[in-house]
Amino acid sequence: MELTGICSLCGKTGKIHTCQLCGSLVCEECYNPSKGICRSCNKRNIPDIKTLK
Numbered sequence: 000m001e002l003t004g005i006c007s008l009c010g011k012t013g014k015i016h017t018c019q020l021c022g023s024l025v026c027e028e029c030y031n032p033s034k035g036i037c038r039s040c041n042k043r044n045i046p047d048i049k050t051l052k
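Numbering-wise, numbering that gives the first Met the number 0 puts 17 at position 18 of the sequence shown, and it's gapless, one number per residue.
Treat the hints with care, since some could be wrong.
Label-pair ranges, simulated between beta-carbon atoms [as the list claims (entries may be wrong)]:
id	residue 1	residue 2	range
1	Glu1	Arg43	26 to 32 Å
2	Asn44	Gly22	16 to 22 Å
3	Glu1	Asn44	16 to 22 Å
Pairs of lysine to aspartate or glutamate, EDC-like flavour, derived with a Cα cap of 20 Å [stated by the list, open to error]:
id	residue 1	residue 2
4	Lys14	Glu28
5	Lys11	Glu28
6	Lys11	Glu27
7	Lys42	Glu28
Hint data in this document are derived by calculation from the structure and do not stem from the laboratory.
C-beta atoms are modelled at their ideal positions from N, C-alpha and C, and glycine is treated no differently.
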């Protein structure tokens, strides 16, 4: 099932992902799939979510 909605960072509508750190719902452009985090968390140089577990 594909989740659609409004990106909390840029406001675009479409397929969205949930940031594994802050819980923000973000579009594909604002999501880093290799880290599982949003652009905002990525800018803060937060390590890969896999290394935090």
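Which hint numbers doesn't this structure obey? Number 3 only.
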